[in-house]
Amino acid sequence: MRRPAPSLSMRPWRHAVARRFACGALAALLAVTSPLAVHAQGNGLTKPVILPAFDPSRQSCTAPNGLRKELVFVQDNEREFVQGIGHGLALAASERGLKFRALRSNNDPALMIRQVNGLRADRTGAIVVAPIDPPSLSPSLKRLMGSGAYIGAIVPPPAITILNAPQYRTGAVLAEAAAAHIRSHLGGKAKVVLLTHDNLQFLAPRFTAMRDTLRQLPGVIIVADISPATVDKAGGYRTMKMILLAQPKVDVVLGADTVVLGALQALREAGKARPDQFLGGIDGESEAVAELKKAGSPYKASISLASPIFGYAMGRFASDWMNGKTVPQAMDSLPKALTIANIAQYERDVADPRSVYADPRRRNSYLKMYGNICFASRDQYINFPWSSERK
Amino acid sequence: MARSRLALGVTGGLVVGFLALFVIVAMTVWLGERSSTLFQEAALQRDTRTAAVELRDALRTAESSQRGYILTANEIYLAPYDTAKARARPQMSSFERLVIKASRPPLFLARLRAAVDEKIREMDQSVALKRAGSDADALSIIRSNRGKALMDEINVYLYGAILDADERSTLSEVERQNNAAMLRLISIVGAFVIVLVVAAVAFTVYRNRQEITQARDEVRAANFSLEERVERRTQELALARERAEILLSEVNHRVANSLQLVAALVHMQSKTVTDESAKGALKETETRIQAISQIHKSLYTSSDVTSVALNDYLGVMLENLGLAMRNDGHTAQLSSELDSVILPTDQSISLGVVATELVTNAFKYAYPTGQSGDIRVILRKLSEESAELVVQDDGIGLGATTRPGGTGLGSKIITAMAAALKTNVEYINRTPGTAARLVFSTAQPA
Chain A
66 MRRPAPSLSM RPWRHAVARR FACGALAALL AVTSPLAVHA QGNGLTKPVI
116 LPAFDPSRQS CTAPNGLRKE LVFVQDNERE FVQGIGHGLA LAASERGLKF
166 RALRSNNDPA LMIRQVNGLR ADRTGAIVVA PIDPPSLSPS LKRLMGSGAY
216 IGAIVPPPAI TILNAPQYRT GAVLAEAAAA HIRSHLGGKA KVVLLTHDNL
266 QFLAPRFTAM RDTLRQLPGV IIVADISPAT VDKAGGYRTM KMILLAQPKV
316 DVVLGADTVV LGALQALREA GKARPDQFLG GIDGESEAVA ELKKAGSPYK
366 ASISLASPIF GYAMGRFASD WMNGKTVPQA MDSLPKALTI ANIAQYERDV
416 ADPRSVYADP RRRNSYLKMY GNICFASRDQ YINFPWSSER K
Chain B
691 MARSRLALGV TGGLVVGFLA LFVIVAMTVW LGERSSTLFQ EAALQRDTRT
741 AAVELRDALR TAESSQRGYI LTANEIYLAP YDTAKARARP QMSSFERLVI
791 KASRPPLFLA RLRAAVDEKI REMDQSVALK RAGSDADALS IIRSNRGKAL
841 MDEINVYLYG AILDADERST LSEVERQNNA AMLRLISIVG AFVIVLVVAA
891 VAFTVYRNRQ EITQARDEVR AANFSLEERV ERRTQELALA RERAEILLSE
941 VNHRVANSLQ LVAALVHMQS KTVTDESAKG ALKETETRIQ AISQIHKSLY
991 TSSDVTSVAL NDYLGVMLEN LGLAMRNDGH TAQLSSELDS VILPTDQSIS
1041 LGVVATELVT NAFKYAYPTG QSGDIRVILR KLSEESAELV VQDDGIGLGA
1091 TTRPGGTGLG SKIITAMAAA LKTNVEYINR TPGTAARLVF STAQPA
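As they're listed, the protein sequences go chains A and B.
So that you can map any letter, position 96 of the first sequence is 161 in the working numbering, and since no number is skipped, the others follow by simple counting.
So that you can map any letter, position 237 of the second sequence is 927 in the working numbering, and since no number is skipped, the others follow by simple counting.
Be aware that a few hints might be false.
Stated by the list, open to error - Calculated lysine-lysine pairs in the BS3-like style (CA-CA distance at most 30 Å, straight line): (1) A:K207 - A:K306; (2) B:K791 - A:K254; (3) A:K359 - A:K207; (4) B:K973 - B:K1102; (5) A:K359 - A:K254; (6) A:K337 - B:K961; (7) A:K337 - A:K359; (8) A:K358 - A:K306; (9) A:K390 - A:K433; (10) A:K337 - A:K358; (11) B:K1071 - B:K1112; (12) A:K164 - A:K433; (13) A:K433 - A:K134; (14) B:K791 - A:K314; (15) A:K314 - B:K838; (16) B:K838 - A:K306; (17) B:K838 - A:K337; (18) A:K112 - A:K390; (19) A:K306 - B:K791; (20) A:K112 - A:K164; (21) A:K207 - A:K390.
If you are wondering where the hints come from, they were derived from the structure by calculation, not from laboratory data.
The structure displayed is predicted, hence computed values, not measured ones.
All chains should be built: construct the whole structure from the sequences, respecting the hints.
See below:
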């Protein structure tokens, strides 16, 4: 059975962090002061650590030998979000003189494993992967890192650089936008539908944040808190049709962009879509962005994780790694609430990731980097569900 | 006017007060009925909510027992599983019945029934596979997530029903509170209206009483003014009358004086006349003028010029006449018996002239010269409307009298005067003497 592909912005690792803190404050303190002190030989860092901020001026080490100067993106499917990563990677590879190609696993974990194993055999210097089934893929990735290749992972470990998003903060940003709308347009009262993503447990903090935020509004009732059977537009559509049978009047719908777009379709078919509704999603899907631009559309916000921008950053890290430079052990893609007011600037930014990365102020509004690692210290790779959030 | 306004105001006030009372009573009755209905609706919503919660609880219990059995193969889970499942089915029917009774059948009802049935089938199937030793198949059912999806769907429907029941209950409660507040408000407003009406009626009565008092004062003032005017007018009339009486007295006085002057002139003329018959005629004329003058004297000395106290007038006149006749050498004794008789002035003049003529005749002709006798004048009241004047003597009588000096004028005057009095003089022979009798009316002219 196929496991659903993680959407880019996934990985709060709250439970892991909590366990880590349960192990003892002393261990945590040691981890902060010296990440290298806690590691497992050949297995990377398996216990959660709190990573310091990335220091780009850290002394470089030796470059890996015998690897081809090639960057490969192993993508789980062809979602728009993943395509954005590929766009950023390709742009960075082009700048740095790396050969670039993308391998599509079509949501097939076994195929992905074979593809990764093939890359190790080919002595590929760097890959970025969006894992389908992290546990089954993990051994292949470890072996690849053992060969000295750079591995950037979109959320699940293991990887030289793990890309994650602050899930709680992501959910909170969306919920705060909804709360502001409820206060200003709905008189503080609203019937809310949460379309969750139960089959990816690490996304749970998003919805925890939404519940926590909406709980602050006494007039808000969460009339449905449900995970569509499939997290896509059709799933959102079917679920919303079902919800409308029990709740004909819905004021707010929150979830991933794709399911919320499906919900919007159901609302429109039922004649229940209203301009004063707030539909908001996460991922910054282009269809969601297009809805944002429509006058009178219930779609009011999309939380974007700007995949071309962090894809571009990971492409640069791959190049630096192969040149023996230090790279971040982890990176947050910071959530940005897209609204009709800022959508134009956002579109300019994702169309030109290089300019954003070159401008520290703009880069810091999208990305936050943690820890340092290079070829010589590659046994300190992250091999636990990392998150910058401790909550 | 004021009374009708008072009646209108009081009636209007009573009508308004009655209406206010009616509204209060009607609202109380209606709100009571409404409260009862709302209470029943709230009870129904509560039962619906309870049925939804219990159905959800039964399904959750069944699901957790199913999972426990499949995970552990421990049959300890089967008893609660069967119990919960047995509880779920009647709860579903109960929920259906209540939710239809409480409102229009919800759109999800058929889907809920189907989802519950499918959920129970899914659990039964997995349990049966586990019992048959097909653990992998049982687990594959669980892994399909169909059970979770069904439970999610059931939760959405039941939670929707719970929220709907809560909202309806809240609305019922809000309406009950609003109704109670409305009743309070209406009672307060009604009481205020009634107080206002009572105050308005009291004010109307007070104002009416004030107006009556004011009107009475105005009438009293008008009466007082009228009385003043009447009194002033009366005084003016009295003054005018007094002036008229004075003027009339003055006229009578002047007439009397003039007649006296005429009588004196006649008397002086008679002194200068040598002819005895002419002297006698002048003397008679003087006597007649004196008689008329005496009437005017009586009038200007009296307060009443329209009538004359005949006894007073005749008394004075006879006294003067007797004196005059004695001065002329007549010896007869004149006496009178005069009842109190009031006669109009004109008739009194006529009667006075008649009396003068009769008495003068008696002096002249009743007793021969040198013979003394009595002459009696009697004025007697016969009734309220008639009286008689009698002149008697004890003389020689009518048959013996030749009256050589007479001109017949006296008789003509007597006849004329008697005619003016609408009567005549009756001469009665007495033995001795003669009586002349005149019955006249004393009735005052209308």
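Hint by hint, here is what the structure shows:
Between the alpha carbons of K207 (chain A) and K306 (chain A) the distance comes to roughly 45 Å, so the proposed pair goes past 30 Å and is violated. Among the hinted pairs, K791 (chain B) with K254 (chain A) is consistent with the structure: their alpha-carbon atoms are about 29 Å apart, no more than 30 Å. Of the supplied pair hints, the one linking K359 (chain A) and K207 (chain A) is violated, its CA atoms being roughly 47 Å apart against a limit of 30 Å. Using a Cα cut-off of 30 Å, the hinted pair K973 (chain B) and K1102 (chain B) holds, with the two alpha carbons roughly 17 Å apart.
A C-alpha spacing of about 25 Å is found between K359 (chain A) and K254 (chain A), which places the hinted pair at or below 30 Å, so the restraint holds. Only pairs whose Cα atoms come within 30 Å are accepted, and K337 (chain A) paired with K961 (chain B) is rejected, the gap being roughly 154 Å. Simply put, K337 (chain A) and K359 (chain A) have alpha-carbon atoms about 17 Å apart, close enough for the 30 Å limit, and the pair holds. Using a Cα cut-off of 30 Å, the hinted pair K358 (chain A) and K306 (chain A) holds, with the two alpha carbons roughly 25 Å apart.
For the given pair, K390 (chain A) sits about 18 Å from K433 (chain A) by alpha-carbon distance, which is consistent with the 30 Å threshold. Pair hint K337 (chain A) plus K358 (chain A) holds up; C-alpha atoms about 20 Å apart against a cutoff of 30 Å. Pair hint K1071 (chain B) plus K1112 (chain B) holds up; C-alpha atoms about 17 Å apart against a cutoff of 30 Å. Our distance criterion of 30 Å between C-alpha atoms is met by K164 (chain A) and K433 (chain A), whose separation comes to about 27 Å.
For the hint linking K433 (chain A) to K134 (chain A), the alpha-carbon distance of about 26 Å falls within 30 Å, and the restraint holds. Between K791 (chain B) and K314 (chain A) the CA atoms are separated by roughly 22 Å; this keeps the pair inside 30 Å, and the hint holds. Between K314 (chain A) and K838 (chain B), the direct Cα distance comes to roughly 25 Å. Compliance with the 30 Å bound is thereby established for this hinted pair. At roughly 18 Å between alpha-carbon atoms, K838 (chain B) and K306 (chain A) fall within 30 Å of each other, so this suggested pair holds.
Using a Cα cut-off of 30 Å, the hinted pair K838 (chain B) and K337 (chain A) holds, with the two alpha carbons roughly 27 Å apart. This hinted pair checks out: K112 (chain A) and K390 (chain A) have alpha carbons roughly 25 Å apart, not beyond 30 Å. Taking the CA atoms of K306 (chain A) and K791 (chain B), the gap is near 25 Å; set against the 30 Å cutoff, the hint holds. Between K112 (chain A) and K164 (chain A) the CA atoms are separated by roughly 35 Å; this puts the pair beyond 30 Å, and the hint is violated.
For the given pair, K207 (chain A) sits about 20 Å from K390 (chain A) by alpha-carbon distance, which is consistent with the 30 Å threshold.
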